[in-house]
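For the sequence shown, counting from 1, position 321 maps to 321 in the numbering used here; every step adds exactly one.
Accuracy of the hints is not assured; some may be wrong.
Straight-line Cα separation of at most 20 Å, EDC-like style, residue types lysine to aspartate or glutamate; simulated pairs [unchecked claim]:
| no. | residue 1 | residue 2 |
| --- | --- | --- |
| 1 | Lys-122 | Glu-185 |
| 2 | Lys-269 | Glu-289 |
| 3 | Lys-144 | Glu-169 |
| 4 | Lys-136 | Glu-167 |
| 5 | Lys-323 | Asp-58 |
| 6 | Lys-163 | Asp-152 |
| 7 | Lys-281 | Asp-234 |
| 8 | Lys-144 | Glu-126 |
| 9 | Lys-143 | Glu-174 |
| 10 | Lys-287 | Asp-58 |
| 11 | Lys-269 | Asp-165 |
| 12 | Lys-242 | Glu-133 |
| 13 | Lys-82 | Asp-234 |
| 14 | Lys-163 | Glu-141 |
| 15 | Lys-178 | Asp-234 |
| 16 | Lys-287 | Asp-336 |
| 17 | Lys-136 | Glu-169 |
| 18 | Lys-171 | Glu-189 |
| 19 | Lys-281 | Glu-332 |
| 20 | Lys-322 | Glu-310 |
| 21 | Lys-355 | Glu-310 |
| 22 | Lys-269 | Glu-310 |
| 23 | Lys-242 | Asp-85 |
| 24 | Lys-144 | Glu-172 |
| 25 | Lys-269 | Asp-64 |
| 26 | Lys-171 | Asp-150 |
| 27 | Lys-144 | Glu-133 |
| 28 | Lys-299 | Glu-253 |
| 29 | Lys-163 | Glu-174 |
No lab work stands behind these hints, which were simulated from the structure alone.
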Amino acid sequence: MKNFTYRSLDEKENIEEILKRRRRKVNRQQIVSILIFIAILGSLALYVGHHLYYTVLDGYVSVDTNRVRTPFDIYLDSVYVKTGDIVVPGDTLYSYYMLNMLIDNANPDEEPPMVAVSRNYKLQYETARQQIEVLKVRITELKKQIEREDHDIALGLSSNSHKLDLERELKETEARLKALQAELETLRETREETKVVFERQRRNFGDTSLIPQIYDDARSASMRRAISYRLASDSSLITDVKAPTRMIFFKQEEVMTKQHLNLEANNLKVVAYVPVDKMSKITNNSKAEIVVNNDVSYKAHVSVLGTRTEMIPENLRSYFSKKNTAVIALFEIDPDQTLPLWSLASGMPVQVRVKNYGFGKEEEDSLKTKPDYLWFTTGQGVMTEEKDGHLVPINDSIAIKSLESKK
């Protein structure tokens, strides 16, 4: 016999409310699980679809830098630009002297002026000090002789005339002593001033023996007329100044670097690594999207394909592949696009997206025909495809086209 349990109306309502809450909780969990599952499936579908629709290549932006070098040996006088300046044709970059001219006007074997001046003052000072000592000895000796003359005159052994000569010589010697002492003091003060300048130059040049007198010649008023100026030949941005002024730069030594404001004049291009197993996805007529980040991208097309191979950088290599060599493809950026300058900096890492399937007529035609490569036939060289589909040596093709143009 079953046990009978009596439940009041309130208890029944509570049980029903609990069951409803449990069902709502289960429903919410199921909905959340379904949404997560849909999100995972969607992400997976996007990932697979993206890789089916696009071939993604790693690459970087390449821009040449103009290196301003000296065409001959120069002494750099002044630099008139700094990093970040924009110059236009005719702006002065730096001023200089021809080093050969400075050497011809200055004797390299000549002693630096400050060294000679310092040594001359030292020599004059020592000479004056020694002469003062000699005069002091002479004055002492004259005084002794005068005392002896006074004794001899008192005894009638000498006349007064010799004493007068000695006294006159004593006065002259004392006068010369005072003059030398005054000169010694002047030499001492001048010597101290010269020593300060000498030590300053010694600190600047490291060693007094290395003080080049041609620097002083370059600053002279007569040499200022021989100064030359290097002018900017195009509109460009100064990217680096490597030149300390008042220095010698030898032939072909780099003074500064600058970048043409028209980057296309500096061979702006995008270099992409194309793995060999992806060569079927790209040809000479391939168009691509160059992606810098989520906000910046631009259009480009293949300009040169397969002229060389390079090792893929380690940070771009796949851990699951031993094929680390890729074919290099060069992309030319399509015209009439406005882009931030920083996105075209040399070495900027980018991703290159090439469509695997196109929906335009041009892309469909390219899929129906063989890839637009440059072909090579052994024994004949590089070939080109004529309109009728035949391959002919590229030199013969050029000759045929030139004959047709003459007709």
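Structure-based check of each hint:
For the hint pairing Lys-122 with Glu-185, the CA-to-CA distance comes to about 13 Å; that is within 20 Å, so the pair holds. At most 20 Å may separate the alpha-carbon atoms for a hinted pair to count; Lys-269 and Glu-289 meet this at roughly 13 Å. Using a Cα cut-off of 20 Å, the hinted pair Lys-144 and Glu-169 holds, with the two alpha carbons roughly 13 Å apart. Distance hint between Lys-136 and Glu-167 is fulfilled; the C-alpha atoms sit about 15 Å from each other, no more than 20 Å.
Our distance criterion of 20 Å between C-alpha atoms is met by Lys-323 and Asp-58, whose separation comes to about 15 Å. Distance check on the hinted pair: Lys-163 and Asp-152 sit about 10 Å apart at the alpha-carbon level, within 20 Å; holds. Using a Cα cut-off of 20 Å, the hinted pair Lys-281 and Asp-234 is violated, with the two alpha carbons roughly 40 Å apart. A distance of roughly 28 Å separates the Cα atoms of Lys-144 and Glu-126; the hinted pair therefore is violated under the 20 Å criterion.
With a C-alpha separation of about 11 Å, the suggested pair Lys-143 and Glu-174 falls inside the 20 Å cut-off, and the hint holds. Proposed proximity of Lys-287 and Asp-58 is supported: the alpha carbons are some 15 Å apart, at most 20 Å. Under the criterion of a C-alpha separation no larger than 20 Å, the hint pairing Lys-269 with Asp-165 is inconsistent with the structure, at around 102 Å. Taken as a hint, the Lys-242 and Glu-133 pair is broken in the structure, with Cα atoms around 58 Å apart against an allowance of 20 Å.
Under the criterion of a C-alpha separation no larger than 20 Å, the hint pairing Lys-82 with Asp-234 is consistent with the structure, at around 16 Å. Between the alpha carbons of Lys-163 and Glu-141 the distance comes to roughly 13 Å, so the proposed pair stays at or under 20 Å and holds. Between Lys-178 and Asp-234, the direct Cα distance comes to roughly 71 Å. Violation of the 20 Å bound is thereby established for this hinted pair. Pair hint Lys-287 plus Asp-336 holds up; C-alpha atoms about 16 Å apart against a cutoff of 20 Å.
Simply put, Lys-136 and Glu-169 have alpha-carbon atoms about 13 Å apart, close enough for the 20 Å limit, and the pair holds. Our distance criterion of 20 Å between C-alpha atoms is broken by Lys-171 and Glu-189, whose separation comes to about 28 Å. Between the alpha carbons of Lys-281 and Glu-332 the distance comes to roughly 18 Å, so the proposed pair stays at or under 20 Å and holds. Proposed proximity of Lys-322 and Glu-310 is supported: the alpha carbons are some 14 Å apart, at most 20 Å.
Between Lys-355 and Glu-310, the direct Cα distance comes to roughly 24 Å. Violation of the 20 Å bound is thereby established for this hinted pair. A threshold of 20 Å between alpha carbons decides the hint, and for Lys-269 with Glu-310 the separation of about 17 Å falls inside it, so the pair holds. Our distance criterion of 20 Å between C-alpha atoms is met by Lys-242 and Asp-85, whose separation comes to about 14 Å. Pair hint Lys-144 plus Glu-172 holds up; C-alpha atoms about 16 Å apart against a cutoff of 20 Å.
As the CA atoms of Lys-269 and Asp-64 are separated by approximately 10 Å, the hinted pair is consistent with the 20 Å bound. For a cut-off of 20 Å, the pair hint linking Lys-171 to Asp-150 stands: about 17 Å separates their Cα positions. Taking the CA atoms of Lys-144 and Glu-133, the gap is near 17 Å; set against the 20 Å cutoff, the hint holds. Restraint check for Lys-299 and Glu-253: not satisfied, since their Cα atoms lie roughly 38 Å apart, outside the 20 Å limit.
With a C-alpha separation of about 16 Å, the suggested pair Lys-163 and Glu-174 falls inside the 20 Å cut-off, and the hint holds.
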